[in-house]
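Engineer: Listed below are the residues making up each chain.
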Amino acid sequence: MSTTVTSHRPRPPAEPTSLRARRLPAYTAPAVAVAALALAAAIVYGAGIGGPVLVVVLGAVLYLAGLFAAANAVEGRRSARNRTWSALIHSAFVLAVLPLASVVWTLFSKGAERLDVNFFQTSMNNIGARDPEGGAYHAIVGTLEQVGIATLITVPLGILCAIYIVEYGRGRFAFAIRFFVDVMTGIPSIVTGLFVLAFWVLIVSPWFNDGRPGFSGFAAALALAVLMLPTIVRSTEEMLRLVPAPLREGAYALGVPKWKTILRVVLPTALPGIVTGVMLAIARAAGETAPVLLVAGGGAAINTNPFENNQSSLALFVYQQAGDASRYAPARAWTAALTLVTLVLILTIAAKLLARRNRLSR
Amino acid sequence: MGETPHRSADAGTGGTRVTESHEWPAGASARVAEAPVSTRTPGGTGLGGGGALPRSRKFGAERAFRGLTLAAGTAVLVIIAAIAVFLVAKATPALRANTENFWTFEGWFPNDAEPKFGIGALAFGTVLTAALALLVAVPIALGIALYLSHYAPRRLGTTLGFLIDLLAAVPSVVFGLWGREVFLKPVQDLSVWLNKYFSWIPLFGGDGPFGKSILLGSLVLAIMVLPIITSLSREVFLQTPTANEEAALALGATQWETIRTAVLPYGRPGIIAAVMLGLGRALGETIALAMTLGITFGISFNLIENGGNSIAANIANTFGEANETGRGALIASGLVLFAITLIVNITARVIIYRRREFTESAA
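Quick note, the sequences are listed as chains Z and E, same order. When you line the first sequence up against the numbering used here, it's residues 1 to 362, in that order. When you line the second sequence up against the numbering used here, it's residues 1 to 363, in that order.
These are calculated hints, taken from the structure and not from any lab test. Mixed in with the good hints, there may be bad ones.
Going by beta-carbon spacing under 10 Å, a handful of chain E positions derived as facing chain Z [claimed, not checked]:
1. F175
2. P227
3. L330
Where is the CB? At the ideal position from N, CA and C, for every residue including glycine.
Just need the whole structure built from these sequences, with the hints factored in.
Structural biologist: Structure representation (C-alpha cells):
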C-alpha cells in the first residue's frame with residue numbers, strides 16, 4: 001500500500017533500509033529445517049507410513065519448499081532460486097558421501113578380520129568349506145605377473161603410437177588413429193576378455209598346447225594390455241603435446257635428426273607425465289575381474305608360470321570367494337578386496353603425487 | 001628397439017637441463033610455435049633445406065624409427081578390427097546352431113542339444129540398468145562437482161576432490177561385494193516400502209521376493225560411476241575462465257546464475273564426455289552386476305522384484321559351464337555389447353569433436 005503512494009513521486013523519501021535489499025535473517029534456514037523435520041515427523045508417524053529415514057527424506061523436501069517460499073516472499077524470486085539450488089547442491093554432496101563412506105568403512109572393518117600373516121602366505125589349495133584358513137598368495141602372484149606382462153607389452157607400443165600421433169602423423173590416417181584410440185577407451189573389459197578368448201585361447205594357443213584351449217595368465221595379460229593401451233596412448237599423447245616447441249627447434253638447429261630429438265629431448269622431458277599415465281593404467285588394469293575370469297580360468301593353487309595352466313588374480317579371488325558357500329569365504333573376500341584396494345590406491349596416489357611435481361602439467 | 005628406453009633414460013639429465021634454461025619462452029610460445037615445426041619437416045627428415053646438408057637416406061635410423069611408430073599406430077586399428085573379426089568368427093557357428101530367434105527369444109540354453117538362446121532380454125537389462133544408473137548418478141555427480149569447485153572452501157574442495165579421484169580407482173568387484181553384503185538390506189527395505197504403498201505403479205508391483213533386483217544393480221552401478229563423472233566434470237568446471245565468472249558476478253548475477261550462465265555452458269562438452277564415459281562404464285560393467293542382480297531371463301519393467309540380467313553379467317555367470325556352442329553364444333552376446341558401446345562411444349566422440357571447434361575446452 002505504501003508503494004502505491006511513493007510510486008508517483010519523483011523521488012521516494014530516503015529511507016535508510018531501502019538502500020539494501022531485504023534479506024532473510026540468519027536464523028531462517030535452521031528454523032525452516034526444524035519446522036520441516038517436525039512437520040515431516042508428524043505426517044509420517046501420524047499416518048504410520050514409515051520410519052526415521054522417510055522423516056529425513058520428507059523433511060528435506062519440505063525444507064527446500066519452505067526455504068524457497070520464505071526467500072521468495074522476502075528476497076525475491078532470483079534469490080530464492082539461488083538459495084534452493086545451493087541447498088540442492090549441498091544435499092547432493094551429502095547424499096553421495098553416505099554410500100561412498102559406507103563402502104570405505106565396510107572395506108576396512110570387514111577386511112581387517114582376516115588380515116594376518118597366514119593370508120599372505122597360503123593359497124586356497126586343499127582348503128575345504130569348513131576350513132577357516134586359506135589365503136590369497138596365489139592370487140597376488142597372479143595379479144603381479146599378469147599386470148607386469150601387460151605393462152611390458154603396452155608401454156612400448158603405447159608410447160610409440162603416441163609418438164606417431166603427435167610427431168609424425170598427418171592428415172586423415174593420424175586422425176583415424178586418434179579417433180579409434182578414443183573409441184577404444186570405451187570398450188568394455190568383458191569384450192576384450194572375449195576377444196582374447198576367441199583369438200588366443202581358442203584359436204592360437206591350441207597350436208602349441210596339443211589342440212587343447214590354453215587358459216593362462218599370459219592370456220589375461222593380453223586382455224589387460226588391450227585395456228591399458230588406449231589409456232597410455234592418450235596420456236602420453238597429452239604429455240608430448242605439452243613439450244615446448246623451442247626444445248625441439250633447438251635440437252633441430254643443432255643438426256640432430258628428428259628421431260634422436262624425440263628419443264633424447266622430447267621423451268625425457270615428458271617422462272614424469274608419461275610415468276603417471278602408465279601407473280594410472282596399471283592401477284585400473286589390476287582391478288579388472290572379467291577378462292581374468294574368462295581367459296585365466298582362476299585356480300586354487302599357486303602357479304608362478306604365467307604361460308601354462310590356470311592362474312588366479314586378486315580381483316577374481318574376491319569374486320570367487322564372494323560366491324562361495326563357505327561361511328569363512330566372505331572374510332577372505334573382504335581381506336582380498338582390502339589388499340587389492342591398497343595396491344591400487346598406492347599406485348594411484350604415487351601417480352598423482354608424481355603428476356603434481358611434474359612441471360609440464362597443466 | 002630393445003635399448004631405446006634405456007637410451008632415453010640415459011639422456012634424462014641432459015634433457016631436463018635444456019628445459020630449465022628455456023623455460024620462460026617455452027611456455028609462452030608453445031602453441032604458436034607448434035605449427036612451424038610441423039610444416040618445416042615435410043620429408044620427415046628433421047633437417048632443413050639447403051644443398052650442403054646431408055640428404056635423407058632411404059634406409060636410415062630416421063626411416064626405421066618412423067616406420068616403427070607408424071606400425072604402433074596401425075596396431076590400434078588392427079586391434080579394433082581384430083576384435084570385430086575374431087568375435088564374428090567365433091560367434092557365427094553358434095548363431096547358425098541356434099534353433100530360436102537370436103533377437104527375440106527370451107532365454108539362454110545354448111548348452112542343450114538343441115541350442116536356444118536370445119539376446120533380447122539381456123540387451124534390455126543392460127540398457128535399463130545403465131540408463132537408471134545414469135539417471136541417478138548424473139545430477140548428483142554434477143551437484144558434487146559444482147560443490148567441490150564452486151561452493152566448498154578451496155582447501156576442503158581440493159582434498160575432497162583428491163579423495164573422489166581415489167574412489168574412481170576402486171575396482172568394481174569391491175563395489176559389487178559391498179552391494180551384495182551391505183547395500184542389499186536397505187534396498188530390500190526400500191523395495192518393500194515402495195511395494196506396499198506404490199504397487200499400483202507397474203514399476204513397483206509384484207509380490208516379491210525383493211532385493212536382488214534391477215533397483216539394487218542400478219543403484220550400485222550409480223554409486224560406481226559417480227566418482228568417475230564427478231572427477232571429470234569437476235576438472236572441467238575448475239577450468240572455467242575466471243573472467244567469465246567475474247563478469248557475471250559484476251553484472252549482479254547470484255551464485256546460481258553465475259553457474260548457469262558462465263560455468264555450465266563452458267563445461268558442456270566436458271560434461272557430455274564425462275556422462276558418455278560413465279555410460280560406457282555402466283553398459284560394460286560386468287562383475288558388480290553379476291554380483292547384485294538376481295539372474296532371470298525376461299523383459300520386465302519391474303524394478304524391485306528379484307531378477308534382471310545384463311549381457312556382461314550373463315557372460316560372467318554362465319561362462320563356467322559353457323560348452324563349445326555356449327562359448328560361441330556368449331561371444332555373440334559380447335559382439336552385441338561391443339556394437340552398443342561402439343555406437344555410444346562414436347556418437348559421444350563426434351559430439352565432442354564437433355563442439356570443440358566452438359569452445360576450446362579439452363574434453
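Engineer: Does each hint fit the structure? Answer for all of them.
Structural biologist: Do the hints match the structure? See the list:
For the restraint placing F175 (chain E) at the interface with chain Z, the shortest Cβ-Cβ distance is roughly 7 Å, inside the 10 Å limit, so the hint holds. Nearest Cβ of chain Z to the Cβ of P227 (chain E): about 7 Å, under the 10 Å cut. The hint holds. At a threshold of 10 Å, the smallest CB-CB gap from L330 (chain E) to chain Z is about 7 Å, leaving the interface hint in force.
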